[in-house]
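If you read the protein sequences in the order shown, they are chains A and B.
Sequence positions in the first sequence follow the working numbering and run 1 to 420.
Sequence positions in the second sequence follow the working numbering and run 421 to 840.
Keep in mind the hints are simulated off the structure, nothing from the lab.
Ideal Cβ placement from N, Cα and C applies to all residues, glycine included.
What you were told as hints is all true, and nothing was included just to trick you.
Here chain B is said to cover these stretches of chain A; the calculated rule only asks that three of the stretch's residues, wherever they fall, bring their Cβ under 8 Å from a Cβ of chain B:
1. 360-370
2. 411-417
Computed cross-link-like contacts, DMTMM-like style, restricted to lysine to aspartate or glutamate with a CA-CA straight-line distance of at most 25 Å:
3. A:Lys360 / B:Glu823
4. A:Lys357 / B:Glu526
5. B:Lys443 / A:Asp334
6. B:Lys691 / A:Asp415
7. B:Lys638 / A:Glu211
8. A:Lys360 / B:Glu516
9. B:Lys780 / A:Glu106
10. A:Lys360 / B:Glu595
11. B:Lys777 / A:Glu30
12. A:Lys319 / A:Asp274
13. B:Lys443 / A:Asp327
14. A:Lys357 / B:Glu520
15. A:Lys218 / B:Asp427
Number of protein chains: 2
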Amino acid sequence: MNKQTIDEMVIGKARLARAGMRKLSNLSSEIRNNALETMAEAIWEQREQILTANQIDLENGERTDLAQPLMKRLELDQQKIEVMADNLRQVAALPEPIGEVSRMWERPNGLRIGVVRVPLGVVGVIYESRPNVTVEVVALCLKSGNGVILRGGSEAIASNSAIAEILQKSAATFELAEAIQFVEITDRKAVHSMIGAHDQIDLIVPRGSQEFIRYIMKTSDIPVVGHADGICHIFVDQDADLEMATEIAVNAKTQYVAVCNAMETLLVHRKIADDFLPIIQSSLSQLEVELRGCELSRSICADISPVTEEDWRTEYLDKILSIRVVDDFEQAVDHIERYGSHHSDAIVTDNYASAQKFLKMVDSAAVYVNASTRFTDGYEFGLGAEVGISTQKLHCRGPMGLEGLTSYKYIIYGDGQIRT
Amino acid sequence: MNKQTIDEMVIGKARLARAGMRKLSNLSSEIRNNALETMAEAIWEQREQILTANQIDLENGERTDLAQPLMKRLELDQQKIEVMADNLRQVAALPEPIGEVSRMWERPNGLRIGVVRVPLGVVGVIYESRPNVTVEVVALCLKSGNGVILRGGSEAIASNSAIAEILQKSAATFELAEAIQFVEITDRKAVHSMIGAHDQIDLIVPRGSQEFIRYIMKTSDIPVVGHADGICHIFVDQDADLEMATEIAVNAKTQYVAVCNAMETLLVHRKIADDFLPIIQSSLSQLEVELRGCELSRSICADISPVTEEDWRTEYLDKILSIRVVDDFEQAVDHIERYGSHHSDAIVTDNYASAQKFLKMVDSAAVYVNASTRFTDGYEFGLGAEVGISTQKLHCRGPMGLEGLTSYKYIIYGDGQIRT
Numbered sequence: 001m002n003k004q005t006i007d008e009m010v011i012g013k014a015r016l017a018r019a020g021m022r023k024l025s026n027l028s029s030e031i032r033n034n035a036l037e038t039m040a041e042a043i044w045e046q047r048e049q050i051l052t053a054n055q056i057d058l059e060n061g062e063r064t065d066l067a068q069p070l071m072k073r074l075e076l077d078q079q080k081i082e083v084m085a086d087n088l089r090q091v092a093a094l095p096e097p098i099g100e101v102s103r104m105w106e107r108p109n110g111l112r113i114g115v116v117r118v119p120l121g122v123v124g125v126i127y128e129s130r131p132n133v134t135v136e137v138v139a140l141c142l143k144s145g146n147g148v149i150l151r152g153g154s155e156a157i158a159s160n161s162a163i164a165e166i167l168q169k170s171a172a173t174f175e176l177a178e179a180i181q182f183v184e185i186t187d188r189k190a191v192h193s194m195i196g197a198h199d200q201i202d203l204i205v206p207r208g209s210q211e212f213i214r215y216i217m218k219t220s221d222i223p224v225v226g227h228a229d230g231i232c233h234i235f236v237d238q239d240a241d242l243e244m245a246t247e248i249a250v251n252a253k254t255q256y257v258a259v260c261n262a263m264e265t266l267l268v269h270r271k272i273a274d275d276f277l278p279i280i281q282s283s284l285s286q287l288e289v290e291l292r293g294c295e296l297s298r299s300i301c302a303d304i305s306p307v308t309e310e311d312w313r314t315e316y317l318d319k320i321l322s323i324r325v326v327d328d329f330e331q332a333v334d335h336i337e338r339y340g341s342h343h344s345d346a347i348v349t350d351n352y353a354s355a356q357k358f359l360k361m362v363d364s365a366a367v368y369v370n371a372s373t374r375f376t377d378g379y380e381f382g383l384g385a386e387v388g389i390s391t392q393k394l395h396c397r398g399p400m401g402l403e404g405l406t407s408y409k410y411i412i413y414g415d416g417q418i419r420t
Numbered sequence: 421m422n423k424q425t426i427d428e429m430v431i432g433k434a435r436l437a438r439a440g441m442r443k444l445s446n447l448s449s450e451i452r453n454n455a456l457e458t459m460a461e462a463i464w465e466q467r468e469q470i471l472t473a474n475q476i477d478l479e480n481g482e483r484t485d486l487a488q489p490l491m492k493r494l495e496l497d498q499q500k501i502e503v504m505a506d507n508l509r510q511v512a513a514l515p516e517p518i519g520e521v522s523r524m525w526e527r528p529n530g531l532r533i534g535v536v537r538v539p540l541g542v543v544g545v546i547y548e549s550r551p552n553v554t555v556e557v558v559a560l561c562l563k564s565g566n567g568v569i570l571r572g573g574s575e576a577i578a579s580n581s582a583i584a585e586i587l588q589k590s591a592a593t594f595e596l597a598e599a600i601q602f603v604e605i606t607d608r609k610a611v612h613s614m615i616g617a618h619d620q621i622d623l624i625v626p627r628g629s630q631e632f633i634r635y636i637m638k639t640s641d642i643p644v645v646g647h648a649d650g651i652c653h654i655f656v657d658q659d660a661d662l663e664m665a666t667e668i669a670v671n672a673k674t675q676y677v678a679v680c681n682a683m684e685t686l687l688v689h690r691k692i693a694d695d696f697l698p699i700i701q702s703s704l705s706q707l708e709v710e711l712r713g714c715e716l717s718r719s720i721c722a723d724i725s726p727v728t729e730e731d732w733r734t735e736y737l738d739k740i741l742s743i744r745v746v747d748d749f750e751q752a753v754d755h756i757e758r759y760g761s762h763h764s765d766a767i768v769t770d771n772y773a774s775a776q777k778f779l780k781m782v783d784s785a786a787v788y789v790n791a792s793t794r795f796t797d798g799y800e801f802g803l804g805a806e807v808g809i810s811t812q813k814l815h816c817r818g819p820m821g822l823e824g825l826t827s828y829k830y831i832i833y834g835d836g837q838i839r840t
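Excised from the complex, chain A in its bound form (with noise of 0.2 Å):
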C-alpha cells in the first residue's frame, strides 16, 4: 500500500475514534464501566479464541527467529488472560477521572467560572510486540472518556486483532466501538500516519524500547508522553546510617534489574566512602552486581573497575553500578543534574537540613529521602493503573495514571454579563 493510501485508513479510523469520543463524552461513568466489565467477561469466555490467534504469532516469530525475550513478551496462556480481566476491572473499580469540578469561583460581575475535567481526546498508542498492552489501553482510555487508535508491532499482529475485536464487539452493546480503533495495517509507515494526524489524534503514547519511544518523540507532529529513561542516583551521605543505606542501594539495584526506576549510579560521600564503599562491595558482589567506580572508589576497593565518563549517562538496565566518590553534597547534587535523566534519585541521610536541601535542589520527577527508589511507580504511589513513567515535566510527571489522560476546561455560568 503507499503511504496516501495508508494516511486515508488511519486518518478515517482517527476521525471514527474522535466520533466514538463524543458519544462517550456524554456517557455516564456507570456506562464506562459496565462496559469494561463486560469487555472482561468477554476477553475471558473468549480466551479460546485468543489463544488460537496468539498461536499464529508464536509459529511466525518461530519462523522468523524473533528474539527470545520478544518471544517471551509475546506468548501468552489462560493465566496472562486472566490478568487481562482483571485489568480491566480494575480500572473500571478506580475513582471516576473526568467530571469534576476542582474549583468553582465567583467574580465581582457575578460570573461563575468553574474549572472541570475532561477528556484529553483520541489517544494514539503505539506499541510493539506485548498484546495486554491492548488491553490496558483501552481500559484507561475508556475510563477517562477518551476515544483511542491503537498501532500494535506487526509479530502481535494477529493476538492484537483477535483482543481489539473482541473488545470492539463488547462496546458495540453499549454503542462504543467506534471509540476503540485498531489498525490492522503492520506497515511502518502505518506510524507515520497516525503521529502526523494532528487534526485527529490529541495524544500520542509510545509504548516499547527506549530507541522506539525516543524516534517517536523525535519524529511526531502530536505530543507525546512516554515512558522514558531512568538514570537513577543513591547519594550516600556523610550522615548515612550505613546500614540502611546498604538496604537501600541493594533494593535499588538488584530487586528488579530491568526496570526504570532501578539505581544505575551510587553517589558515597567522601568522608563515610572508607567505611561504606567495602560494605556494599561485598554485599553487591554476591549478588553478582558489576562495580565501576571512579579512582577514588578503586583505591579503597580493590574489586571495583574503572568507570568512562560514558557510564554515567547510561541506562543499565542489567546488574552493573557505576560508583562516584563526591567531595561534598553540592558534587552530588550537581552529578545528579549533568549525568541523570530526572526520574527518581535518592538521598540516604540522617541530617534534616541535607534531607530537605535534596528535595528542594533535585529536580526530578520523583525526589527520595530515606527510601529505595523502586517505589516509583502509579501502584506503589497509590495512584492506580499507569500508562508510564514520565520524565518530562509538561502535562504530567512521574506516574502517569489517569489523570494524565485528561485535560480541563473552564465553565462559566452567567445571567447577561457583558465586558465593558
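Given the coordinates of chain A, assemble chain B onto it according to the supplied hints.
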C-alpha cells in the same frame, strides 16, 4: 555569523539561564519579589535611557517603512514605561506560585508522598515588536522561579536591549542576573538555535502574529505553548432571551474586534431566526459590522451577503461576522466542533437542560452560558497576569498564568523503606 556560531552563543546563554534558575530555586519568594520591585524602580528611573533607545528603533522603522500598526506597538512613552513598572509590581504582589504541596499522603508502608509545585526550568520567549513583552515575560518567569532566555524582533532591538540591560543590572544586586538572558542576534537563525536547544530550554513561548506562532509551533523541537487562533461562536438557542442574546452578541463581536476571544460566527436556532436576525442585523449594521450568512439567514435578512465555507474557518479580527441558521442544538454543537478553534464558545438560553448539555458537549477552553466570550482572559477570570491563552489541551488550557510556567514533582519521605 554562521549557524554554528549563533548556536553556540544561544546555547551558551541558555546554559547560563539554567545555572541562574538553579540559584533562583534556592531563594525565598521574598527575595524574588524584592528583585521584581527593584526592577520596577529601575525601569522607571532609567526611562530616558529606554526612550533614547526606542527613538533609534523608531527611526529605523521609518527608514525601513515598517507598517503603521507595528510602529504603534513599537513606540514607547512615559506612560507606557509606567505601565511596565506597574506590571512588575503587580506580578510581585501575586500569590507565590511555587513550593505549594498540593497533596500529601501516607502509604501503608509508612512512606509519605507529596506533590510539590516547582518551576519548569528555562523558558524561551520569542516575540516580535512590542518591547513591553520583555518586561512582562521576565516578571512572570522570575516570579515562578524560571530562568528565561528572550529573543525579540529586530525592529525593537535597541529598546529591548536597553530594557534587558536594566533588568539584568537590577537582578545582579540579588545575584540573579544569570537567570535573565537576552539574545541580541537579530538574525532569524537565532530563533532556530533556540527552538532546537531541547537540552537547555524546557518551554518555548512565542508571542506575535498567528502566522509567526504557527511557524514556531510547527518547527520547534521543544514543547510550545502559544496564544492561538480564536474562532469563537455564540449560539442563540430557541429558548434564548432575545434582548440578552443581542447584548451578548454585540459585545462579543464589537467591544474589541482584534482579539482572540471576540465572536467570529453567530449560530441562530431556526425557530427564533425570523425574530432574532432582524434585531441583530440592525444593531450590528449601526456599528458597521459586515454580515455574511447562510442561504436561510439571507432569505430572512436581505442585507446579509453570502458566506463561504472558508468564512467558517476564518478568524476575522475585524468588523465582519458570519451567521448560520441551524436546525437544532446538535447542529450548533457540530458546527462548533467542526469549524471552531476550541477557544471560547457561548450559548444564550433560558433552558436549563440546553445550558448543561452545551457546557458538557462543547470541547473548548472556555464554555459559556449567557455571557460574552470576551471574558476569556487571565485578569477577567481572576487568575492574574497571563502569558497568553492556550487552545491546546496538554499542560495548560485557556488563560496561561503563573501556574502554566510551573510543573510539579513528587517528594517522598521514608525511613528506610525498600521494595519487596
